[in-house]
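> Given the coordinates of chain A, work out where chain B should sit on it, guided by the hints.
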Amino acid sequence: KMGENTLSPFVYWAQTDSTVTLRIELRNVQAPNVNLQEQNLIFSAVGHGAQGEKKYGFNLRLFRTIDPEKSRYRILDRYVELSLTKAQVEFWPRLIEDTKKPAWLKIDFDKWIHEEDLSDEARDIVDDYPGLYEQMQAEELGWPTKRESLKKVYLFLYNLWQFVGFIYVISVMSTRYLRDGPESMEGTYEAVGWMMHLCLMTQFLEVLHSLTGYTKGSVFEAIVQVGGRGIIFFCLIEGEERMQTKPVIFYLFLVWSLIELVRYPYYLLRVYDVELSFITWLRYTIWIPLYPLGFIFEGVVILRDIPYFDETGKYSVALPNKWNFAFHFPTLLRCYLLFFFFPAMYKMMNHMYHQRIKKLGPTSWKKKFA
Amino acid sequence: PGTHWREVMEIEKLDIYNAKSGKFVTSLYGLKSTSTILDVKKSVQQQKTVLHPGRQEVRLEQKGKSLQDSDVLQKLGIRSDSKLYVKDLGPQIGWKTVFFAEYAGPMLLYLWIYQRPWLFYGDKGHSSPISLCTHIAAGCWTFHYAKRLLETQFVHRFSHGTMPLFNLFKNCTYYWGFTAYVAYHVNHPLFTPPSNLQLYAALAAFLLCEFGNFSIHMALRNLRPPGSKERKIPYPDSNPMTQLFNAVSCPNYTYEFGSWVAFTVMTQCLPAGMFALAGFYQMAVWALGKHRSYKKDFKNYPQRKAILPFLL
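Residue numbers (my numbering), protein chains in the order written: chain A, 442 to 811; chain B, 734 to 1045.
List time: in silico DMTMM-like cross-link candidates among lysine to aspartate or glutamate, alpha-carbon distance up to 25 Å: (1) B:Lys903 / B:Glu884; (2) B:Lys1028 / A:Glu531; (3) B:Lys796 / A:Glu479; (4) A:Lys511 / B:Glu794.
To be clear, the hints were calculated from the coordinates, so they are not data collected in a lab.
If we strip away everything but chain A, and leave its shape as in the complex, we get:
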């Protein structure tokens, strides 16, 4: 790992849709060590740079993966040039994964404008992203662009809206419970179902956020999370009145709300790159009791709904029909419970566990409170 005292050379970078080039400003390089991995670039060498004849180095985690086998570098008198081939042909909004750019990493504006290796079909990619060049130049020089600020405001408002929505749900549910005890559970859907409906509908936006890169995280994960909840709520609860008055609805809404009451504040803060260690700890710990409970309550809803959907035939398509297509919703639900329920729960827990380790370290949360 790079020591904190390692000097960093100036590095200029540019890209085409399929390659990334870097120019490391070091003269008379000796003993160079270039380590090209799939998503990491580790460099060290002795050379003449901005701080004179010293040892320089850096360790960059790239925005996306590259193909190390198809990448190359060459050492010249006045600089070191690297040509990295992206694993996927796509434009990178920045070179590294982190949104915070080190001061010594700069954009190679000359290369950006004068594209030398354009093939017949290629065009200057800057044209695809109007305003992006200006945005990058502005970022380079340290001013937040208008678009960037608007994006942050939007995300902040989105997360705030959801947070307020779930606070409402929890408040109403708690008030009713404090007043009427377990008897209040039956009327849960009637009291807060409409707000849940609103919040869960808005939640579909999170898939778009992931698709457009407004938020980090995989699109697939977003779809699974939002889609799964969507089916439970919109099909299994709103689609069957007899389910709406069952006590499990109270427990399910409670668990969902508690999860969101931690998740949205965490995102709220992250929009402006703020991190409160307690919130982070909560976000990456509260899933341990809440996710299994959520899964179980969802499973109960599915199980108890199967006979109802068998009876009503809702969401099912029967033969004969013009498209020779049959779909039996209760059978799908049974298959989910039999074959996917436990593996899905295991996968989810495993995924969160690894995220937790990545974020908090195996025991670092103890240190944060020390």
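For chain B alone, kept in the frame of chain A given last:
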């Protein structure tokens, strides 16, 4: 005996490291400068019998490129005390075995469901006669997979000897799953066939595409002589079906997609359409990759699309 200026040198010791962990595994003795990577793999197997050569990937660097079995140690700059990295690719299975499982399975499964077994249809299985369309569909499905089996045996030349065992499980789930899904609907007692005109027109299209697909496979086979690793740009030959090479890099996939579209129209069955789309998605991914690699390897590669003429 006189010594040639390039002597065959003994490589007394070769250190083998695990490519995944980077840790030292074992040392190999008794290799020569003229030994090949395959000899190295066999030597490794002598010490760890479960690692047959097909399961090993040998590299010069821990995360470096895979070396070929035929590479000679001297040419790679390997001397005594050199380091090599070995990666365990996991249990392997021969490509031919995989293809038989992937093609014989769907063929037999469809034919079984064609009998309308009680397991899928209960007592209502024999409540209505089997339509002509259903018979023809069963014939087409069987024909398609029988053709694939024959091609696997006699036509195709495979570049790799084996593939990972997990792929077998994954691919069979896909093929067998979709077979059951489509077969269930087409052979259902309540299946509604389309008009005879639609049936026969689609059947003709299906047979044409099957023949087209076969023509491309034959053309590709003749492109590369047996045992050669030479890569060449495919061009149309005397068979008019191969003219499609002028429009796309992978006309075999184009014809295959055509077959399944024809099958869907023939049965007017939505699940068959879903199967056609799923297959198209996968084949498009492969075609785009192949197209890209053709363009990279051949500077003078003709203007073609990857899988759909003029479109993709």
